[in-house]
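Asks: One line per chain: the protein sequences are U and P, in this order. When we follow the working numbering, the leftmost residue of the first sequence carries the number 55, and every step to the right adds one. When we follow the working numbering, the leftmost residue of the second sequence carries the number 2, and every step to the right adds one.
Think of the hints as simulated: they come from the structure by calculation, not from any bench. Any given hint could be a false lead.
[What the hints assert, rightly or not] Cβ pair distances, simulated, as ranges:
#1 Lys432(U) x Trp273(P): 28 to 34 Å
#2 Asp450(U) x Pro189(P): 55 to 61 Å
#3 Lys479(U) x Lys57(P): 31 to 37 Å
#4 Gly109(P) x Asn121(U): 54 to 60 Å
#5 Asp178(P) x Ala453(U): 18 to 24 Å
#6 Ala158(P) x Lys252(U): 54 to 60 Å
#7 Phe5(P) x Glu248(U): 27 to 33 Å
#8 Pro307(U) x Asp178(P): 54 to 60 Å
#9 Asn90(P) x Gly356(U): 55 to 61 Å
#10 Ala357(U) x Ile68(P): 50 to 56 Å
#11 Lys57(P) x Gly255(U): 53 to 59 Å
#12 Lys252(U) x Lys57(P): 50 to 56 Å
#13 Ser61(P) x Gly255(U): 51 to 57 Å
[To be verified] From the derived model, a few chain P residues whose C-beta atoms are all more than 12 Å from chain U:
#14 Met70
#15 Ala75
#16 Pro130
#17 Gly154
Note that the structure is a prediction, hence the values are computed from the model and not measured. Idealized CB from N, CA, C, for every residue including glycine.
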Amino acid sequence: MKFKLSKLLAISAVAATTALTGTLAAAQEQFVPILSYRVGAYASGGSGFFGGVIDYFNLVNANGGVNGVKLSWEECETEYNASRGVECYERLKKKNGGAGLVEPLGTGIAYGILDRVAVDKIPMTTLGYGRSDAANGKVFPYVFPLITSYWSQAAGMIKYLGDKAGGLDKLKGKKIVHLYHDSAFGKEPFPVLEAYEKQLGFQLTKIAVPHPGNEQNSQWLQIRQANPDYVILWGWGVMNAVAIKTAARVGFPREKMLGVWWAGSEEDTIPAGDAAKGYTTMTFNTPGNYPVIDDIRKKVYGAGKGNLADKDRIGSVYHMRGITAAMLWVEGIRNAQAKYGKGKVMTGEQIRWGLENLNVDEARQKALGAHGMFPTIKTSCEDHEGSGATKVQVWDGKAWKAVTPNWVMGDRAMVQKLVAESSAKYAAEKKITAACAAG
Amino acid sequence: MQFFFEVLIAGLLSGVMYALVALGFVLIYKASGVFNFAQGAMVFFAALTAVGLQEKFGLSIWLSIPITMVVMVALGFLTERVVLRPLVNQHDITLFMATIGLTFFIEGFAQLVWGAEVRKLDLGIADEPIEAIMNSTGMLVSKFDVTAAAICGVLVAALAFLFNKTKIGRALRAVADDHQAALTVGIPLQHVWGVVWGVAGFVALVAGLLWGARNGVQFALTFVALKALPVLILGGFTSVPGAIVGGLIIGATEKLAEVFIGPLVGGGIEGWFPYVLALLFLLVRPEGLFGEKIIRRI
């Protein structure tokens, strides 16, 4: 009995030590839940984006982590479905010591967890989508539409079209069709486009495409009859390839089409074939190759840890977008560590501060091997977007090429005014006192 | 007036594409009384298999199509054998639920085997206006849509021949009329159902290839089934010509409605307008234009 008791104690001690060691090991890892979608209608975008995120995480870990803190993650399949996304968020938010941040890559899911992240104190990034007015950190302290929002993009579009016409004043009397996915996403740029319509005197025609957009003959026949100077394509998924092909069918020049950045990936142009040649879209990444992508090829794919099944997709639009997102998160974590303790695992609140004080300038981009890959970004409590700059790219039949050598910036003052008005309305509805969060 | 006819023709040609999907539903419903919810998934699976074989094994499209045809017919037979045969004599709703389960299985399995990336499918048919029509009338009529309509016509003719002029066709019609009576005269019910599911698999392949070439091969192909539902309600669930006529009516009216009524109400109405039309038809003629009128005596 005595032997048995001592053996039991010994086993218990070993088990306790192992558990403690395990906990300490887990505690040295910064956990990020990945609400991905790899099956379903939007799987190709999801697999590229989250593939980029995981590839960058693996690169950071291969280089020793963030000041020694390794990144850990767990994927949960949302299928781009809002309710599943919320379920995934709830399932993962407290795992492995708690989520440091979250990125749902879907407006529906982002709206679903918008209020929850503020309560849970977990920052949520929404790169290039979601609520544009969330750029106001005084009202949305835990939401970060980093780099650029839909409103900034719409302003950038008009700036580009104005430049193309020979100046913004030359847009007077021109006809612009806004062909949009009939959803909150498609209607998001209305305030900006309508404000510009009044200001510049062009004629804006809005044409809705019902979800999913796999049939657009009637819309494009209307466009043909209207004979616009430009068509803004605000689409997502199958709608984009069908729009490009139907434009070709009715003889509308693709050079006069300008897509939203969710209509500007290889997944949108390859199915459209030759019809996509000359088609232009907005982007917040400059297409091309960068040292960080070479590093991923060498250190991640070379070690057999690459996330993309098809290596040809390395450096594609969605993959690069995922790398960009992950890079900014890691910069946020690094920033937080500089303030709250190097080599420590950061809480959501601390990472929130890190994201709110980002300053990724050209020198920092060079150090990260991503010089010019995305606009320089400097966030603050008042500006969770941090940039607002965009670029225009063209599909040459095989790859995307940058059209504008420099970053395009729309009317920043107009966008900021809209952000202030809209966020104030939200604050009043939710009884939020607008103020910078302590940190 | 020219614009009206242009919209009308575009609608009629789109309607043929809807009818192509609706045909698969009709075949199975006519022979077995099962509403095959998985028809859209079968269209997706067929197109994905055709391009998947091309990509993975470097086959030409003209070689991958016959192989996919074998795969689709096998899938049809397998579905009958594994999913439906064990459920014979169960309620209609049970069979319907089984096809819902089948839908999710096929969608998941297709992506597991071939991946979820969007692919291009090139059948060598240009999707551009026919110059002769454009020069003489100023109207744009797509070569691709006209070719698709011709293929659909050939398919319907082949199905009509199969149903009306062959032994298996007579058996199919007998089974469709009355399962019990067909059994009593020695028609092998399960064999007939297997054939029907196989043919539906083939129809799904044709639809998948044409829709895939038009829009790219991607998950959204499963949504084309939604376009087929009002066609079925209008044309009748048991009539091959009904699927065609229903497709033409739905295609034409949804386009005309979108172009001429849409702008008055904010647009985007072609998604639901066909369903309103189908609903109105249901109120007046529940069996559809060509469906069998069911008379129950009390």
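Asks: Against each hint, give a clear statement of whether it holds in the structure.
Replies: How the hints compare with the structure:
1. Lys432(U) x Trp273(P): 28 to 34 Å: The hint (28 to 34 Å, Cβ to Cβ) is violated, given that Lys432(U) and Trp273(P) are roughly 46 Å apart.
2. Asp450(U) x Pro189(P): 55 to 61 Å: holds (58 Å)
3. Lys479(U) x Lys57(P): 31 to 37 Å: violated (53 Å)
4. Gly109(P) x Asn121(U): 54 to 60 Å: violated (41 Å)
5. Asp178(P) x Ala453(U): 18 to 24 Å: For Ala453(U) against Asp178(P), whose Cβ atoms are near 59 Å apart, the range 18 to 24 Å is violated.
6. Ala158(P) x Lys252(U): 54 to 60 Å: 58 Å Cβ-Cβ, so the 54 to 60 Å window holds.
7. Phe5(P) x Glu248(U): 27 to 33 Å: holds (31 Å)
8. Pro307(U) x Asp178(P): 54 to 60 Å: holds (56 Å)
9. Asn90(P) x Gly356(U): 55 to 61 Å: Between Asn90(P) and Gly356(U), where Cβ atoms are some 60 Å apart, the hint holds.
10. Ala357(U) x Ile68(P): 50 to 56 Å: violated (37 Å)
11. Lys57(P) x Gly255(U): 53 to 59 Å: Hint holds: Cβ distance 55 Å, inside 53 to 59 Å.
12. Lys252(U) x Lys57(P): 50 to 56 Å: Given range 50 to 56 Å: holds, Cβ gap about 54 Å.
13. Ser61(P) x Gly255(U): 51 to 57 Å: Between Ser61(P) and Gly255(U), where Cβ atoms are some 54 Å apart, the hint holds.
14. Met70: holds (23 Å)
15. Ala75: Label holds. Min Cβ-Cβ 24 Å, cutoff 12 Å.
16. Pro130: Since the minimum Cβ distance to chain U is about 7 Å, Pro130(P) lies within 12 Å and the statement is violated.
17. Gly154: holds (20 Å)
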